[in-house]
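A.B. asks: Letter by letter, the chains look like this.
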Amino acid sequence: MIESVLRATLLGLQLGVTLALVAAGLTLIFGMMDVINFAHGALYMFGAYFGLLVAETLGSFWLALVIAPLIVGLIGAGIEVLSLRPLYGRNPLYHILLTFGIAIMVQGIVVQVWGARSRRIPAPELLTGSVSIGPVTYPIYWLFVLVLSTVLIGAIWIAIERSDLGILMRASAHDTEMVDALGIDVKRVFTGVFVFGAVLAAVAGVLLGASRSVHPGMGFGVIIEAFVIVVIGGLGSFKGAIYAALLIGLVIAYGALIAPALTDLFIFGLMAAVLIVKPSGLFGATEAA
Amino acid sequence: MKSVTTLAADLKTAIGLGETTGPVGEQVLSSQGRLAALVVAGVLAAFAPVAEAFEPFWLNILTRMLVFALLALSLDFVFGYAGLLSFGHAAMFGAGGYTAALAIREVTTNALVVLPASMLVGVVVAAFVGWFSVRAKGIYFAMLTLAFAQMFYVIVFTDLPATALGVETITGGDDGLFGIPLYDVVGIDFGSRLLYFYLTLAVVLASFAVLVRVANSPFGRTMQGIRENEERMRFIGYDIQRYKLLAFSISGGFAGLAGGLYVPFQSVAQPGLLHWTISGELVVMVLLGGMGTLWGPMLGGALVIYLEERLAGFATWEIILGSVFVVVVIFAPRGLAGTLVSVKNDPRNAIDNAKGALRNYAEKVRG
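Chains A and B, in that order, are what the protein sequence lines are.
For the record, in the first sequence the residue sitting at position 18 is 18 according to the working numbering, with numbers rising by one throughout.
For the record, in the second sequence the residue sitting at position 109 is 109 according to the working numbering, with numbers rising by one throughout.
Honestly, the hints are just simulated from the structure, not real lab data.
There may be inaccurate statements among the hints.
List time: in silico DSBU-like cross-link candidates among lysine-lysine, alpha-carbon distance up to 35 angstroms [as the list claims (entries may be wrong)]: (1) B:Lys-364 - A:Lys-187; (2) B:Lys-344 - B:Lys-364; (3) A:Lys-278 - A:Lys-187; (4) A:Lys-187 - B:Lys-137; (5) B:Lys-137 - A:Lys-278; (6) B:Lys-355 - A:Lys-239; (7) A:Lys-278 - A:Lys-239; (8) B:Lys-364 - B:Lys-137; (9) B:Lys-355 - A:Lys-187; (10) B:Lys-364 - A:Lys-239; (11) B:Lys-344 - B:Lys-355; (12) A:Lys-187 - A:Lys-239.
Using the sequences and the hints, build the whole thing.
C.D. replies: In C-alpha cells, the structure reads:
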C-alpha cells in the first residue's frame, strides 16, 4: 500500500513537472499576448515526432532532445510571424479559430508523414533499468525526466524572477503599451516568447515521447490538460501554472491508483471546484479576463 | 502597423466581446433576410427528393448539415448575443441525444413527445452548468463549461449512473446505445430518410424563427447590452446573472433539440457526442460563419460538416480543413456572414478589397 502510494507520488511529480513545461509556455503566451493557443499541443506533438525522427535517423536520444526543440522553435517562429502577428489587436477569440485550424493542420501533417500508428522514442541505454528508492523500484528514465524537468522549470523561474529579460517579459505582460513607449520592440518580444513556449513544449514532447507513447492524438490530449493547469493556476500566472501542474500530475497519478477510468472526472471536478470558489484561479488577478 | 497603444485598448474591449457586430439595436434579421431564409429552406425542400432519387448520400449530408446548423445557431445565441463563450455545448447536445435514445427505447417513438423531452433535458443541463458558471467571466466561464461537459462525458463513458443505481447498463458505456429507430408522429411515419429530412428542416426553421424573434425582443436587446457593457447594465439595475443564466438555458434547450434530432438519424447515441472536440468544433463553426448574426453560424456549421464529409476521402483532408480556418480568420475576420454582406453591399470593389486585405496582411507580417 505505502509502496504504491509512494510510486504514484513519484510518477505524479514526474508527470507534473513535465506538464509544467507545456503549461509554462501556454501561460506565458497568454499572459503576454492574450493568445489562447490551441496549437500548443500540436507543437508538443511535433516535438515528439521530430524527436522520433532524429532519434531514428541519427540514433541518438540526446541529439533528439536538442535538435527537435530547435526545429519546433523555428516552426513556432513561422506560426507567430505569419499567422498570429497579423491578428494582434483583434478580438482574442479569433486566435482560437486560428490556432484550432493550425492544430488540425498539424494533426493532418503528422498522419500523412508518420502514419497513424502509435510509437515510442527509444530511450538511451544509459537511462534504462531502474533504481530502488526506499521500498519502490523506479525506472531510471522517469527519474531522469523528473530531474531534468525540475531543473528546467527552476531555471526558467529564476530567469523570469531575476534576469533583465524576465523583467522585460513581465513588464510587457503587465503593460504592453508602456514597454512599447519606452522604445522596446514588443513585436520581437512576442515572437521570442512564442518560440520559447514552443521549445519548452517540444522538450516535454520528446521527454514524454519516450515514456508515454507518440501518436497523432497526443496533441489534443495534452492541450486540455495544459489548459486545465493554466486555468487552475490563474491565467498568465507562471507560479500558478507550476503549482497547478504538480497538483494535476499528482491527481492523475493518484486517480490512476484509485479509479483509472475516472481520472478525468477528478481533474475537471478539481478545476470546477477551484473556479467556483475562486473564479480567477489560484494565483489569477482578481479582475478576471 | 497598428500601434501597440491601440492594441492594448482593443484587447480590453475584446475581452468583453465588444467590437464584434453592428451597433446595439440593429435588427437581427431584416425582412430581406427572412425572405432569403425562406428561399433557402424552399430550395432545400425541393432539392431533397432529387437527392433521394439520384444520390441518397446527399440526403444524409444535408440532414447532418441541418443538425449542426441548429447546434451552431444555439451556440451563437448565447455566445454572439450574450457574449458567453461556452466551451461545453456538447454536454447539452449529448444530453438531448441520450434522452432521445432512452425515450425511444423505453417509452415512445413519437417525435412530439421525444423532441420536447430532449429540449427540456437540454435546458435542465444548461441551467445546472450555468448556475455554477455564469459568475465567471470570459475564458474562465469557457473553462468551467468545459469542465462540466467533460465530467458529463466521463459519467456517460463509464456509465456511472448504472453503477450508482446497481443496474446493468443505462448509457451503454463506451459502446453507447445502438439501434435507435427513427421517429414517427401520430399517423405519420418518419421512417423514411426523406421524411426525416423534412422533419429536421421544419424543426431547424422553426428554431431559427424563434431565436431570431427572441434576439429581437427586449430580452435580446438586454443580452446585447450585457455583451457590450456588463458594468453599465448592472448599474442600470439589471440582474446580469439571471439574464445570463436564462440565455444559457434557452441555448441549451436548442442544443438538446439538435441532439434529439441527431441520435435517431445516426441510430446510435455515443459518448463522443459529449466530447470537448464537438464543443471546440462548434466554436469554430460560429466564428467561421460570423458570430452574432445567427444565420452566419448556421452557414458555418453546414459548411464545416460539408467539408468534413466531402474531404474525408482525401488523405490530406485535415490539412485542407485546417488551412480553410486559418485563411478565413486572417482574411475574413467577420466570418462568412461578414464577407457575404460586404460583397453584397459593395460588389464592384470586392476584388479591390481582397487586394487591400492581402496588402494589409503583408504589411502586418513585416511589422
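A.B. asks: Hints first: check each against the structure and report whether it holds.
C.D. replies: Verification of the supplied hints:
1. Restraint check for B:Lys-364 and A:Lys-187: the C-alpha separation of about 11 angstroms stays at or below 35 angstroms, so the hint holds.
2. With a C-alpha separation of about 27 angstroms, the suggested pair B:Lys-344 and B:Lys-364 falls inside the 35 angstroms cut-off, and the hint holds.
3. For the given pair, A:Lys-278 sits about 33 angstroms from A:Lys-187 by alpha-carbon distance, which is consistent with the 35 angstroms threshold.
4. For a cut-off of 35 angstroms, the pair hint linking A:Lys-187 to B:Lys-137 stands: about 28 angstroms separates their Cα positions.
5. With a CA separation close to 12 angstroms, the supplied pair B:Lys-137 and A:Lys-278 stays within the 35 angstroms bound.
6. Annotation: proposed proximity of B:Lys-355 to A:Lys-239 is violated, straight-line Cα distance about 45 angstroms (limit 35 angstroms).
7. At roughly 16 angstroms between alpha-carbon atoms, A:Lys-278 and A:Lys-239 fall within 35 angstroms of each other, so this suggested pair holds.
8. For the given pair, B:Lys-364 sits about 30 angstroms from B:Lys-137 by alpha-carbon distance, which is consistent with the 35 angstroms threshold.
9. Distance restraint check for B:Lys-355 and A:Lys-187: the Cα-Cα separation of roughly 25 angstroms lies within the 35 angstroms cut-off, and the hinted pair is therefore satisfied.
10. This hinted pair checks out: B:Lys-364 and A:Lys-239 have alpha carbons roughly 33 angstroms apart, not beyond 35 angstroms.
11. Our distance criterion of 35 angstroms between C-alpha atoms is met by B:Lys-344 and B:Lys-355, whose separation comes to about 17 angstroms.
12. For the hint pairing A:Lys-187 with A:Lys-239, the CA-to-CA distance comes to about 24 angstroms; that is within 35 angstroms, so the pair holds.
In this structure, the one hint that does not hold is number 6.
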